[in-house]
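**Student:** Put chain X on the given structure of chain P with help from the hints.
First to last, the protein sequences are chains P and X.
Numbering of the first sequence is given in the numbering used here, commencing with residue 1 and proceeding in unit increments.
Numbering of the second sequence is given in the numbering used here, commencing with residue 239 and proceeding in unit increments.
Derived by calculation from the structure, the hints in this document are not laboratory data.
All figures in this text were calculated on a predicted structure; none of them were measured in a lab.
Built from N, CA and C at the ideal position, the CB exists for glycine as well.
Hints should not be assumed to be uniformly reliable.
[As the list claims (entries may be wrong)] Some, not all, of what chain P presents toward chain X, calculated at C-beta under 8 Å:
1) D15
2) V66
3) R126
Number of protein chains: 2
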Amino acid sequence: MASSYMVMAPKQLEDPLAHLPCSTVVQYKKGQIIYSEHQPATDIYLVLDGKVKVTRLADNGRRTLVDVYKTDEFFGEAAMNLPRRNEQATALTSAKVMVWSSAEIEDVMVKRPRLGVALMQILVRRGIELEHRIDGFSVDNIKRRLARSLIRFAGRMGTLESSGTTAMPHMTHELLAQYVGTSREIVTQYMNELRRQGFVRYSRKGIVLYKEALQEWLRQNRQEAPAKENTFSLPQPA
Amino acid sequence: MASSYMVMAPKQLEDPLAHLPCSTVVQYKKGQIIYSEHQPATDIYLVLDGKVKVTRLADNGRRTLVDVYKTDEFFGEAAMNLPRRNEQATALTSAKVMVWSSAEIEDVMVKRPRLGVALMQILVRRGIELEHRIDGFSVDNIKRRLARSLIRFAGRMGTLESSGTTAMPHMTHELLAQYVGTSREIVTQYMNELRRQGFVRYSRKGIVLYKEALQEWLRQNRQEAPAKENTFSLPQPA
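Chain P with its partners taken away, still in its complex shape:
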């Protein structure tokens, strides 16, 4: 109730996979399109194996990366509302996905309501992440946004090595640029800078991140880098 502001233990999160019946499995090759903005779709997908990127087409034709999804993660959930538009899903590696129509998911939700709770928790978490990303656009400059993005993807897709570094799969500078909201050229420039500063090593094979050092750099430089290009830049001519 409104007045009960006690400290509560983190609540038990539901597992949607415990409630969903098996469905069609589809295999995609690396680079293959799963759905595109030209096919308004109404299906919901679960990654069984591999990685899938979802991008959006913005008004001016630029593409932004919504996220990269991995095993046991859902994507395409926008179809729960209306046929999805402006969104494209592509297999980033060879990938296996399970597919349900949104009508099927709704049917199961009605029969097994805990599925609704589980999916809602996922959506709420994604909403919080998106809000956090918006905070970043408001307060961070591009280099800091890039650093945060690397730390985030390392957390999502990396494996901790005995040396304390995190090894993560190769991500092109173009893909990072679509997430950070900048051009490929600027990502390349800052990746070079981060490499010279010793925070990252990268090659075609993958990225190795000195995550803790980079987190420390973010903390220490908090006041010195106040989002110049986003937040306090001089206005452009009208």
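**Tutor:** Only chain X this time, still in chain P's reference frame:
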């Protein structure tokens, strides 16, 4: 199924209010805090009357506006996941809200699963809006983001006048800045520019927007204003 990419009619959206039992009603005065980041809360709220703003505290202490909620809209849904943090809700006008604990909502969802479908549709819509906002950060400069924000709030909170203009409640430049992701000073500067260009009139009483003219300006200036300060600015010194 995966292969059925037919064109479908927009689906019927569920109304969550058809499924929720009545609960405690709380009245707040203008400016009163409903919940704050100091009280991790687990309640979900519905606006019965008035307007409520939800803000988030970013890492560097800046505040960003998540949204302004009006009659029949939910807020505080982050509590469906874990006790909410970094978020504050404030009555923007005097406001009346109905309050449920997230545990109560879950109980009702299990008894009346269509509530789950309804809430999920709301969350998906909010997710799409957040993604759209991220697109804006990636591709638009601050003036265009401000223009889009005015059009959005006019659509959400404005009333169409016989002259074709849209009248909407007063929003401080500070509040707009927290939504656009910039400083109050820069919003004031661009609001002056938009006023001089004839797109907006404003006073303490409210904002009058020439919405269609502003939409046309956004369309016509699409190529001319490519997000300099966000997307292509020169890097700051490391």
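**Student:** Is the hint on P/V66 kept, meaning its closest Cβ partner in chain X is under 8 Å away?
**Tutor:** Result: holds, 6 Å to nearest chain X Cβ.
**Student:** Would the stated hint for P/D15 survive a check requiring a Cβ distance to chain X of less than 8 Å?
**Tutor:** With Cβ-Cβ at 14 Å, over 8 Å, it is violated.
**Student:** Hey, does the P/R126 contact hint survive, CB to chain X under 8 Å?
**Tutor:** holds (6 Å)
When held up to the earlier numbered hints, the structure conflicts with hint 1 and nothing else.
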